[in-house]
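Given the sequences, and given the hints that come with them, work out the whole structure.
Here is what each chain is made of, one letter per residue.
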Amino acid sequence: MPRSSSASATVRWPAAMSDATIRGPVAGSDRGPFGNRKPWPERYRELADQARDPRLQAFYRTGCPAADTPIAEVPLVALDFETTGLDAEWDSIVSIGLVPFTLAAIRPGEGQHWLVKPKKSLSRTSVTIHGITHSDLQQAPDIGERFGELLSALAGRVPVVHYRGIEQPFLNAALQWRLQESIQFPVLDTMEIEAHLHPDRQPALWQRLLGKKPVSIRLADSRRRYNLPHYASHNAMVDALATAELLQAQIQHHFSPQTPIGDLWL
Amino acid sequence: MQAELIDIRNHMAQFPPFEELPDAMLDRVVERIEVAYYRAGTPILAIGQPNHWLYYIRSGAVEVFRRSGELYNRIGEGEIFGQFGLLMNKQVRFPVKALEDSLVYRIPDEIFQYLWENDDNFADFVEIEDRSRLRSALSRREKSNELMTSRVTRLISRAPVSAPCTIRLQEAARIMTEHGVSALLLMAEDSDQPHLQGIITDRDLRTRALSEALPSETPISDIMTEGLITTRANAFIFEAMLTMLHNNVHHLPVMDGDEVRGVIALSDIVKYESQSSLYLVSNIYHQQDVKGLKKISRDVRDSFVRMVNEDANSHMIGSAMAGIGRSFTQRLLELGEEKLGPPPVPYCFMALGSMARDEQLVVTDQDNAMILDDSFVPEQHDGYFLELARFVSDGLAQCGYSYCTGDIMATNPKWRQPLKVWKSYFTDWIEDPRAEALLNSNIFFDLDGIHGETRFAEQLKTLVADKASNSQRFLAMLARNALNRTPPLGFFRTFVLEEDGEHNKTFNLKRRGTAPLSDLIRIHALASGSRAQNSFERLNDIARTRLLQGESVGNLRDALEFISIVRIRHQALAIEAGREPDNNVRPQDLSPFERSHLKDAFQVVNNAQKFLRFRYGSVAGRHV
Chain B
1 MPRSSSASAT VRWPAAMSDA TIRGPVAGSD RGPFGNRKPW PERYRELADQ
51 ARDPRLQAFY RTGCPAADTP IAEVPLVALD FETTGLDAEW DSIVSIGLVP
101 FTLAAIRPGE GQHWLVKPKK SLSRTSVTIH GITHSDLQQA PDIGERFGEL
151 LSALAGRVPV VHYRGIEQPF LNAALQWRLQ ESIQFPVLDT MEIEAHLHPD
201 RQPALWQRLL GKKPVSIRLA DSRRRYNLPH YASHNAMVDA LATAELLQAQ
251 IQHHFSPQTP IGDLWL
Chain A
1 MQAELIDIRN HMAQFPPFEE LPDAMLDRVV ERIEVAYYRA GTPILAIGQP
51 NHWLYYIRSG AVEVFRRSGE LYNRIGEGEI FGQFGLLMNK QVRFPVKALE
101 DSLVYRIPDE IFQYLWENDD NFADFVEIED RSRLRSALSR REKSNELMTS
151 RVTRLISRAP VSAPCTIRLQ EAARIMTEHG VSALLLMAED SDQPHLQGII
201 TDRDLRTRAL SEALPSETPI SDIMTEGLIT TRANAFIFEA MLTMLHNNVH
251 HLPVMDGDEV RGVIALSDIV KYESQSSLYL VSNIYHQQDV KGLKKISRDV
301 RDSFVRMVNE DANSHMIGSA MAGIGRSFTQ RLLELGEEKL GPPPVPYCFM
351 ALGSMARDEQ LVVTDQDNAM ILDDSFVPEQ HDGYFLELAR FVSDGLAQCG
401 YSYCTGDIMA TNPKWRQPLK VWKSYFTDWI EDPRAEALLN SNIFFDLDGI
451 HGETRFAEQL KTLVADKASN SQRFLAMLAR NALNRTPPLG FFRTFVLEED
501 GEHNKTFNLK RRGTAPLSDL IRIHALASGS RAQNSFERLN DIARTRLLQG
551 ESVGNLRDAL EFISIVRIRH QALAIEAGRE PDNNVRPQDL SPFERSHLKD
601 AFQVVNNAQK FLRFRYGSVA GRHV
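Quick note, the sequences are listed as chains B and A, same order. Counting along the first sequence from 1, when you hit position 171 you're at 171 in my numbering, and nothing is skipped either side. Counting along the second sequence from 1, when you hit position 248 you're at 248 in my numbering, and nothing is skipped either side.
Calculated directly from the structure, the hints in this document are not laboratory data. Just so you know, not all the hints are guaranteed correct.
Distance ranges between label pairs, derived from CB positions [claimed, not checked]:
#	chain 1	residue 1	chain 2	residue 2	range
1	A	Ala-3	B	Gln-176	42 to 48 Å
2	A	Leu-573	B	Asp-142	55 to 61 Å
3	A	Glu-19	B	Leu-86	41 to 47 Å
4	B	Asp-142	A	Lys-505	52 to 58 Å
5	A	Glu-19	B	Glu-73	35 to 41 Å
Positions of the beta carbon are idealized from the N, C-alpha and C atoms, including for glycine.
What follows is the structure, given as structure tokens:
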């Protein structure tokens, strides 16, 4: 059962939440109900033995914090991918942004941003969305060349994403593609937290007629609710930074620095 | 620096002290910052704790407290805190709490020290608290003007030439010719130590001796000027210049205690500063008619712009402009008396408002009045004074001093009255105060006799100084009126803008800046029994009482100086661009530096108004 250490202002995280509340593809068939203290440290030990690639072995061996560790003590890494689409099997990653952080401090200067060459050439719509050009990507390295740096940046840290349907599935697919291996890791999902805070975000018809607007849980809209600044530029690293800031705000408003990481990871 | 950090960089580059950092230095800052979020109400810095960061507010707002727990400041987006602890002992000196949900950037001490050692602007900015920040902003501006930084002793080229005041006219003329001086100091030798008794100048010899055909044996003491206007040896040249302008004298003995160090003449300063407003003043006295005055009045604006470009301070510019205005008025009165004949009874011509305060600028109307001798008989004498008043008023209008819209001019019979009536006016205003009446008569509490029997004006000043400090109701009414005009500062130090005539979003630096300041300074000055009219001199008098804490007086002085100088510069820029100068400023026309310091200055006005409300609020039965 999850617990929260400070009283009234904190949200009681549900012990179980149906996956039906989560839209989009969800990877990993062994996921339990939301908020369940999944035994990620044990899982990492098993996966370390199963992994064949030394980079992946190193990633798992660095380990995962125990589920009862207060979130304030957990090293985190905000992670954001820009992709050619939403289907991990079909689409591919074009850029990776990450920013290591803790609840107390985000260090944007230690952030990383890489472009990677997609499996298939870019569609026109994606070009305009990401502001990344064909020639940028043609010159970018294959994702296989980034595995080492990426996995070592993630090692020992719990990834934080805004919408978990992207990063883990896409990274998993990329590893399958290049190494024929899979990857699993816990994530904190800031969008999921917002979804939970606003369960009735789609107003009923009569509410819509009265002018009630749906509550958006998109990154920029969520940030606005916490008085976080608007970022003009958009790329994977800026969005990762934006996600890290959002998590800090969410924890301060609705949880506590003592909240066990196991109550929040998925 | 990574391109992905550009958002952070662009934000910081908008605000001092980062806006002026070289690119490479700012990059270094951005690479090393840490980001942290604080929910509204959360403490950020607690007193006495170690602190190793400079904090920058990216979004939100925080409150800074004094050691005592009293609120010290509210700061918002783009502002910094934590610097004092870093400069001192790496401990928190002012506790800070998030007022709104805030995202802050933390800059490590190491980077802070690097910037502090390598960038003078940055060091200047962080070394001073924001109120004293204002002060250093001012002193930086004043560097270049020699009039402001050189002492009068620099103008003394020879030992003073003096003689006993018992000598005769002929002897005095001989000594002056022999030494080639235009002024002779006359010493009283009745005590052990001879001391300065009077002065005689070339001009005196012409006007008082030759034109009257006095015998050469006339004792010099009969025609010398006594009750001398002097200056101190440690005075700055501009102070001596102001003294000459204000008193219309052309020679100033320079005193070191009781000892005369020398004499400086108008021509010394004019030589020093050939384009100075003193030159314009002496030119005014050479004009023989209104046409001539009108012609040289075109130089007033040039003189103003020149002083601004020479980085003169507001006191100097205000006094010089008032001195010029006073000279036009005096010359017009002389010309009027020549035309109409000598006045039938003695009178005093009085300047009111900004001219009396020595705070005049280029956009100004005429505010004046006449105090007539108590022997005045309206049926016999008023025809003369009305005509004289009209002559002066019309002449001033021709010279660019427009008619007073409130009809506060000597042409209005109400303001052309014998001394006894004036005394009853002031007694009524002070002893039976009514807010509406005082709103219109406020201007009479800045008064200065500029021609004729100036002692009449002095009597009124004495009456005001004696009565005002004892009438709490009067002071409370003034306070209530003074609170009608507030500084244009919104919550979180944003400017509150109004639409001007051309639909620009502006704020009025006079109505919402200098005017509320001089109003509240006047009230404190009256409460402390001061006879001074100039706001800076009033502040000196206030500082001698315990009415305000010493620090508040300094803050008010800095705020007045800064707002005035921004207003002055705004007008000078308009003149140079060929536009009509006004008081409406658009925030985007100010530099970030000026914006930041203006906010500091307005904050001072804000606090001073709060104090005024607190001090006098209960007496008046406030309805604001």
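- Hints that the structure is at odds with (numbers, increasing): Number 1 - this is the single hint that the structure violates.
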